[in-house]
Amino acid sequence: MKKLVVYLMSGPETPELAAAAVAGGADLIELGFPFSDPLADGPVIRRAAERALQQGMRTRACLDGLARTRELVPRTPLVPMTYAALLEAYGWDRFARDAHAAGATSLIVADLPAGERPELRRIQLVAPTSTDERVRIAAEQTDGWLYLVTVTGTTGARTDVSPALAGLVERARAVTNLPLYAGFGIATPEQARTAADLADGIVVGSRAVEVAEEGPDALREYVRTLRHAVDAVVAA
Amino acid sequence: MTSTPGLYGTYGGRYVPETLIPALDELEAGWRSAQADESFQSELDELGRTFGGRPTPLTRAERFAPGKRLYLKREDLLHTGAHKLNNALGQAVLARRLGKRRIVAETGAGQHGVATATVCARFGFDCVVYMGEEDMRRQRPNVERMNLLGAEVRPVDFGTRTLKEATSEAIRDWITNVETTHYLIGSCVGPAPYPEIVRELQAVIGREAREQLREAEGRLPEIVVACVGGGSNAIGIFAGFLDDAEVRLLGVEAAEAASLGVGNPAVLHGARSSVLSDEDGQIADAHSISAGLDYPGVGPEHAWLRDSGRAQYVRATDEEALDAFRDLTRLEGIIPALEPAHALARARELDEELVLVCLSGRGDKDLAEVLAR
Ligand SMILES: Cc1ncc(COP(=O)(O)O)c(C=O)c1O
Chain Z
1 MKKLVVYLMS GPETPELAAA AVAGGADLIE LGFPFSDPLA DGPVIRRAAE
51 RALQQGMRTR ACLDGLARTR ELVPRTPLVP MTYAALLEAY GWDRFARDAH
101 AAGATSLIVA DLPAGERPEL RRIQLVAPTS TDERVRIAAE QTDGWLYLVT
151 VTGTTGARTD VSPALAGLVE RARAVTNLPL YAGFGIATPE QARTAADLAD
201 GIVVGSRAVE VAEEGPDALR EYVRTLRHAV DAVVAA
Chain P
237 MTSTPGLYGT YGGRYVPETL IPALDELEAG WRSAQADESF QSELDELGRT
287 FGGRPTPLTR AERFAPGKRL YLKREDLLHT GAHKLNNALG QAVLARRLGK
337 RRIVAETGAG QHGVATATVC ARFGFDCVVY MGEEDMRRQR PNVERMNLLG
387 AEVRPVDFGT RTLKEATSEA IRDWITNVET THYLIGSCVG PAPYPEIVRE
437 LQAVIGREAR EQLREAEGRL PEIVVACVGG GSNAIGIFAG FLDDAEVRLL
487 GVEAAEAASL GVGNPAVLHG ARSSVLSDED GQIADAHSIS AGLDYPGVGP
537 EHAWLRDSGR AQYVRATDEE ALDAFRDLTR LEGIIPALEP AHALARAREL
587 DEELVLVCLS GRGDKDLAEV LAR
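As they're listed, the protein sequences go chains Z and P. Numbers 1 to 236, taken from our numbering, label the letters of the first sequence in order. Numbers 237 to 609, taken from our numbering, label the letters of the second sequence in order.
Hints listed in this document are in silico derivations from the structure and should not be mistaken for laboratory results. Warning: the hint list may mix true and false statements.
Said to hold, decoys possible - Computed, partial: chain P to chain Z, Cβ under 8 Å:
hint	residue
1	Tyr251
2	Val252
3	Thr255
4	Ile257
5	Val414
6	Thr416
7	Val503
8	Arg508
9	Glu515
10	Asp516
11	Ile519
12	Leu603
Glycine included, C-beta positions come from ideal geometry on N, C-alpha and C.
Starting from the given sequences, assemble the full structure and let the hints guide the process.
Take a look at the structure:
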């Protein structure tokens, strides 16, 4: 079975939205902790972060939201995704400790490349520009699975699945047996299917954030269509 | 002054998405090989002399600062009107060595944008400059200059609509086009090795000024003063005097953009430095009449020079800068940019007698803003 990962920006309704995504078939939820200057993000997630900050979603509120989400979805892995600035301010160790205590399974720090702060256990990202050596280091240090950034660029929907994904999967498979999940640019069931055919799982971010604005029902239905697309790969 | 490469004490580093790491490694290797190559330095010297107008003179400002021997290092007389050209020329030669033909940059006051557009015209590079809408309004002449020079100015219409957001968008463009594009950063900020590259390219200011002042006065200045936005003109002139322990180094920040005066250790635009930020690490807004100082971050080396005590940093308000702007214009016949007007405001009230000030740029761009007051 291929895995389906759904990204949501932290907000007052996060627990209900995460539960809806899980009901629709999500295997793992990434929870964005908003930062004012998110360099890895395109317009959709950047705007969602601005809104979240206006709603008071500071680090403490995000951790509380994570804990409430954990109560609603007791078994699904939950992974905060954020930026180094938040950990720097909160304390690196303390952030990891409090996130795990609130129910986090692991962490993703978008601007902390492999090799930096190796003591902070987290899911590492590799990109089409990564050298083979960097893919190897990331695979060695990563926590459970490796995040393949499919595009050379920021988060946000694209019209097609990046042609760089196949090569990146091949290079990662050469150095690790860990699961490889592909993210950035995947929005439609068609793209989900294409990407899941290559990788072990897929991550849907910007489009999920947009659909989540319409509420839990819309999100559950959207995730369901992705689930069908991803499952069709195994059936084929 | 670096302890570990890319680190200034605990400041600096590379807090960027993985996508950029190979490009930063390539830039670092290209920079090391350029430094080891005499033809690189001689080409820069030649360009500085025949294209930029180096060396820039030293001018004594007797009427502006009576009772003192106050000298201005005249980067306002450099081609395009500010010190920014020193860095843009050097990075253009570096980009050519790296085989890049497209340049992206951010700009606040527009001086770095103009310098970048100028070197791109000179070297035949494609040029995209990100600029906040608020800065496009208050630095209109520089937008027109960039357009004339063939650059595409892309307005940034969200967040602060100033230099902070323009920098983020330039970095996002670089992440997307990194294989073809060099990011020509405008100050000694950003991920390693940028702070070092910009400092070395601006160090020509301090090298020249040191020789010129010794020639004029037979001794070193008691104090060197420069305005600090990202910190590039300051680090450039300080670089000539860092090893002269008896020379005091003074940076002047805009009062409402005092990253060193009231900032906290935080991560912004790829580096850890002293940043205007709250207890959660969220970046705060800066405010200054001068677009070039209106930035919540500062180069990591300045944070380290502050902590070590080698340099001190003070503030000047919008009004103080405007007064100094008017006085230098009326008393010396030199219209300064609003950025170095902050340095002038503090320089004239110092206890020291022999003072060197970096006049980092000229004020043509600021006329509308000043006349509206
Ligand atoms: C004339 C002038 N001086 C100073 C600055 C501030 O930059 P930095 O602190 O990097 O010298 C600017 C920035 O635009 C400028 O145009």
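Against the structure, the hints:
1. For Tyr251 of chain P, the suggested interface contact is upheld, since its CB lies about 5 Å from the closest CB of chain Z, less than 8 Å.
2. Because the closest C-beta pair between Val252 of chain P and chain Z is about 6 Å apart, less than 8 Å, the hint holds.
3. At a threshold of 8 Å, the smallest CB-CB gap from Thr255 of chain P to chain Z is about 4 Å, leaving the interface hint in force.
4. At a threshold of 8 Å, the smallest CB-CB gap from Ile257 of chain P to chain Z is about 5 Å, leaving the interface hint in force.
5. Because the smallest distance between the Cβ of Val414 of chain P and any Cβ of chain Z comes to about 6 Å, under 8 Å, the interface hint for this residue holds.
6. Checking Thr416 of chain P against chain Z: minimum C-beta separation of about 10 Å lies over 8 Å; hint violated.
7. For Val503 of chain P, the interface hint holds, since its Cβ comes within 8 Å of a Cβ in chain Z; the closest pair sits about 4 Å apart.
8. Interface restraint check for Arg508 of chain P: the shortest CB-CB distance to chain Z comes to about 7 Å, inside 8 Å, so the restraint holds.
9. Interface restraint check for Glu515 of chain P: the shortest CB-CB distance to chain Z comes to about 6 Å, inside 8 Å, so the restraint holds.
10. Below 8 Å, beta-carbon pairs count as interface contacts, and Asp516 of chain P has one with chain Z at about 5 Å; its hint therefore holds.
11. At about 5 Å, the closest approach between the beta carbon of Ile519 of chain P and any beta carbon in chain Z falls short of 8 Å, and the interface hint on this residue holds.
12. For Leu603 of chain P, the suggested interface contact is broken, since its CB lies about 32 Å from the closest CB of chain Z, more than 8 Å.
Of the hints listed earlier, those the structure fails to meet are numbers 6 and 12, in rising order.
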